[in-house]
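Both chains come to you apart, so use the hints to assemble them.
The residues making up each chain are set out below.
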Amino acid sequence: MAQSTADTGTDSERTLTMARAGREAVFSEMRRNPKMFLIGEDIAKLGGVFGTSIGMAEEFGTARVIDTPISETGFIGIATGAAMAGMRPVVEIAFVDFIGVCFNAIFNFAAKTHYMSGGQFKVPLTFMIGYGGGYNDAAQHSQTLFATLGHVPGIKIVTPADAYDAKGLMHSCLRDDNLTVWMVHKRLWGLGWLGFPLPTALATVPAHDFTIPFGQSRVWREGSDVTLVGLGLTVHNSLAAAEQLAAEGISAEVLDLRSVVPLDREGIFRSVAKTGRLVVADEDYMSFGVTSEVLAVVAERDPSVLKAPAVRVAYPDVPVPFSRPMEDFCLPNVERIVTAARATMKKGGKR
Amino acid sequence: MKPTRDQRLWMYEAMYRSRRLDDAVLAAYMEGKTPVFHMGKGPLPGEMHQSFGQEPCAAGVCVHLGADDAVGAGHRPHHVAIARGVNLKRMAAELFGKRTGLSGGRGGHMHLYDAGVNFFCSGIIAEGMGPGAGMAMARKMTGKPGIAVAFVGDGAANQGAFHEVMNMVGLWKLPFICVIEDNKYGVSVSKKDSTAVAHNADRASAYAVAGEYVPGNDPDLIFEAAGRAVERARCGEGGTILELETERLHGHFIGDSGAYRPEEERKAMKDPIPSYRQRLLSDGAVSATDMAALEARIQSQVDEAMKFGRESEYPGASEALERLYA
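Sequences listed follow chains S and X, in order.
When we follow my numbering, the leftmost residue of the first sequence carries the number 1, and every step to the right adds one.
When we follow my numbering, the leftmost residue of the second sequence carries the number 1, and every step to the right adds one.
Think of the hints as simulated: they come from the structure by calculation, not from any bench.
Note that this is a predicted model, so its numbers are computed, not measured.
The reader is advised that the hints may include incorrect statements.
What the hints assert, rightly or not - Covered stretches of chain S (in silico footprint by chain X; criterion: 3 or more residues with CB under 8 Å from a CB of chain X, positions within the stretch not fixed): (1) 74 to 87; (2) 273 to 282; (3) 319 to 332.
Unchecked claim - Listed below are the simulated DSS-like cross-link pairs for lysine-lysine, each with C-alpha atoms no more than 30 Å apart in a straight line: (4) X:Lys98 - S:Lys122; (5) X:Lys144 - S:Lys35; (6) X:Lys267 - S:Lys122; (7) S:Lys307 - S:Lys346; (8) S:Lys45 - X:Lys173; (9) X:Lys89 - S:Lys122; (10) S:Lys122 - X:Lys191; (11) X:Lys173 - S:Lys35.
Glycine residues also receive a C-beta, built at the ideal position from the N, C-alpha and C atoms.
Just chain X, same shape as in the assembly (with noise of 0.2 Å):
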């Protein structure tokens, strides 16, 4: 099925907003990092990693999932919690590590949640995976209606878990969707150093689950083949290995260059949002007028957020030994 003009426009909107806040969270980061790059100073400390050039898989995905899914995300999370609706301003306050945020200043960027969107992260490589088919399994035993997504990069399918956790979603035909984003790295090493198998949605064969590979970084083909995932899992069909082809226009966190890929590979790469913008234009999705103030107003959004998170508190400091037990 393809994308009406309502759902092109919330995939645009997810992508551009996602893509706002990175940038707005770029200029941050780099605050109090120069000349000399400190990962622990400037208002926004810690790894950043970033997701340049990933939003069209969260944004194709996250427009098939209502209320009653859940979502996992990684280490790289700000499209996936962007498209899957988390809290905008509590996410940026969260970032800076305010009271406001999501956790209250506990999380950071790798550990973003919201129960209110059954949403979370896990920042270690391939471990979203059992707590999201866990998420799939509870809906299945109490016959709520619901399914679980969990987002991995390539590298996790190298990982124990995810073949661990692929065979028991086969097994007991889970309502769970594995997208694997695949940016072609982990870290510095490529997908073709790493992996046995041009593509991992190959592997689905050996759960006797679902497999698709999606080429071009296309919000409207990642759409068709999210829905045909959606849909099995919702008809109780079973899970899906969904492989979405994108690229990770950054490094693989602020501060690296990404001097180990060769630079055609650099030069070749695209940027999906300027394209899908171009094309909802000339199909005539959306006028110019419209787009402006599309754009407008997700960019008073983000300028919100952010001001929201610079400008909130600090928890206090004792507020550590704070919600270890329920």
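Okay, chain S solo, but in the shape it has when bound (with noise of 0.2 Å):
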């Protein structure tokens, strides 16, 4: 399962879906370090829900690619200790909506061990989530759940929004010395059953190892009116968003947050002083989330560069409904981002 057909070309030149780049990046890491290993549920046997394992079984050996019981509060904590001793695990979470069972061993334990030991201890943890709805999951397989990691100091959080991005910041991830997330949208994976990718999520990928400095920001267009930020696959509807707008003379920006923590402040506030109006699009709730800490940005540096109050395109604050026409009117789609840049474009913007 979850094998995409979309992979095309050649080694040298390649366009890969972000599921076969990602796990590029693991494979390649896992043959570099001896110290590396997989652990989660269903990855060594079925090659993880999502595929993020597919193969590394057969390579690596089920000594280095661990299927575990349904304990995720017990296994993050082995992994954290194994960390601790040395070892640099990889933690196959499939939902994001699960870190709900083991969230103290997360963020009580694996985040504030190296600060409480006054950097005795490092923690050179990655975890590889999934996250993300659209595709009638409902409540507790939907969630995208940003704000609720990030707001955990000790944390960096990446979000990859097409698979050149996906190699180089599962390589920034595993090499790092400390407990790193590196989350994906399931629609942006390339999951055979969950449709073909979206084209812009393809890319062309080194066959190389390479990095993406963390905090780094990307352009994905660049524009003069408004600025629309997004990250994982609200970067797609923004750039959609953008298309759009710009049949109506309305030039837009596409930022991609690409890091959640640490959050490129400079890049966000440069963008929007040159355009004076944002956009934010993303698909955690709104409140206490992503979105308003991309307006904090700008209210703290200076808040006079926007011609028109910022708009959030977030999640409304209710948990994710089942039902098709109930969660298609929450997602931060296209419609809601062209909506929300023209509002900004009015003399006052959206009232």
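Given below as structure tokens:
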């Protein structure tokens, strides 16, 4: 399961899905570093619910690709202890929703140990996590939860939007000496059973290893009238919105955060100072979320750069509903972003 | 195997050192907290969970451990840290929140870490189980010698983490020992009011690990049972739940009078240190003169550590923002 048919090209000039690109980084790091191992549910025989570890048990053996019981608190604690003892564990958590059952092991121990020990114990630990909705999986398997993790000091969080970033950010996470969380939107991943991947999520990916610095946003499309900030899937929604806006004569810049923590505050402000207008799109809940933090960047630095009030296009503060019309209504889709951008272009913005 | 004379004296030293430190900490803790008790006042602020009565558990287990092994403790860690050989001066300084402390003042008494002796803590009940088992797993995976021991209380055996981790310890035959210090109380709720089984060691059968219950809070008996558990782990025979009956002679933390405990129960509690001291003297393991010299030496170590902690400088306030990431 979970293998895409979208991969094309040769080794030197390859267009990959995010799934292939991310896996390639893990394979490479596993070959490079014997201290690294994978641990989680359904990763050895199945290759990961989302295909994150296809082929790895075959190459590295089940001593390094370890299927666990359904015991997230237990195996995340174990992975943390192994990391403190010099190993480099990679933990697969298929759905971010599942951090609910093991959050203490993450936020009270793994994230805090380096600080609480005064730097004596490093925790080089990476989580690979799927998130996001839009395929009618309802309230406990569709959440995004950037803010839930991002609120806790001591965790670095990235979310690639295409295959190039999927590989580069995975290498960055796996080589970092801290708790890093590599989060991918399930609909970008390139899973056959979630439809053909968005063409904009495919990318030409070098065969060699490369890293992307944490906290460095990426401008996907330059523009002069309004900045559309997104991350993960909302980057692609923002790109589609920018196309529509261009047809109306509105020039939108699309900024991909790439890192939730650390956040590229300079990059956000630079773009907004240029365009004077800001729309932030995120599939996480609105209140106390990524969208709030992006607005805070502008409010704290210089709100006078804004020609109109900023607009947030986030998930309403309700659990994810099952029924298709209700879920579609809640998602930060292209139409909501276009409407928000148009509102900022009117004098005084959205009121 | 019974402890040798040297091992018995080592255990007494570890217990006595912990006791004298806790005595000194109690005195310092109360400074600035009378006539009105305020947990945040005085040179030693914050919650303070002391080890009075539980010293034999740490001494009887840690006497078997070497440099390759790892030890985790919980929210009541002083006796375990001391028996493990954590740097006493830097530990005292950490209790005072000083820059010279183990964590430069970032941890405090529930979060003592000394990487030099593979020692860590977690102040959340049972959450040291996973990291402890993970340290055991790292040793097994890399073929390095060493085992890991996590000390928890009887209350921890009712937490999910305990059961999840013990299942994996049994499944993967990890060189891991869960030491349950059964002081019969989880804060104010007694074990008989919280736990379906009389002995948590009986739960070992659910995880295909060895289980042993040791009554009496007696260092010599704990030594023997711990020796069996350590041997199993070192030989690759897997994990053990080692449940040790002990006593919490004081309240859950300083300021807790323990009024919820029946009077007869409190009167029946026995301090394990004077009785062990007497046994060592009666057995001829140590002369009265040598015992006095040993105790004087430990007292001066504790005095020196407390002085070091008290007189060390506080960290710069903005050092709070350092060491979040490696």
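Checked hints:
1. For a cut-off of 8 Å, the count of residues in the stretch 74 to 87 of chain S with a CB near a CB of chain X stands at 14, and the three-residue condition holds.
2. Residues of the stretch 273 to 282 of chain S with a Cβ under 8 Å from some Cβ of chain X number 0, which does not satisfy the need for three, so the listed coverage is violated.
3. Only when three residues or more bring their CB closer than 8 Å to a CB of chain X does the claim for the stretch 319 to 332 of chain S stand; here the count is 0, and the claim is violated.
4. Distance hint between Lys98 (chain X) and Lys122 (chain S) is fulfilled; the C-alpha atoms sit about 22 Å from each other, no more than 30 Å.
5. For the proposed pair Lys144 (chain X) and Lys35 (chain S), the alpha carbon gap of about 13 Å is at most 30 Å, so the pair holds.
6. Between Lys267 (chain X) and Lys122 (chain S) the CA atoms are separated by roughly 46 Å; this puts the pair beyond 30 Å, and the hint is violated.
7. Among the hinted pairs, Lys307 (chain S) with Lys346 (chain S) is consistent with the structure: their alpha-carbon atoms are about 10 Å apart, no more than 30 Å.
8. Between Lys45 (chain S) and Lys173 (chain X) the alpha-carbon distance is near 21 Å, which keeps this suggested pair within the 30 Å criterion.
9. The hinted pair formed by Lys89 (chain X) and Lys122 (chain S) meets the criterion: a straight-line CA distance of about 23 Å does not exceed 30 Å.
10. Among the hinted pairs, Lys122 (chain S) with Lys191 (chain X) is inconsistent with the structure: their alpha-carbon atoms are about 36 Å apart, more than 30 Å.
11. Pair hint Lys173 (chain X) plus Lys35 (chain S) holds up; C-alpha atoms about 20 Å apart against a cutoff of 30 Å.
Hints 2, 3, 6, 10, counting from the list given before, are not met by this structure.
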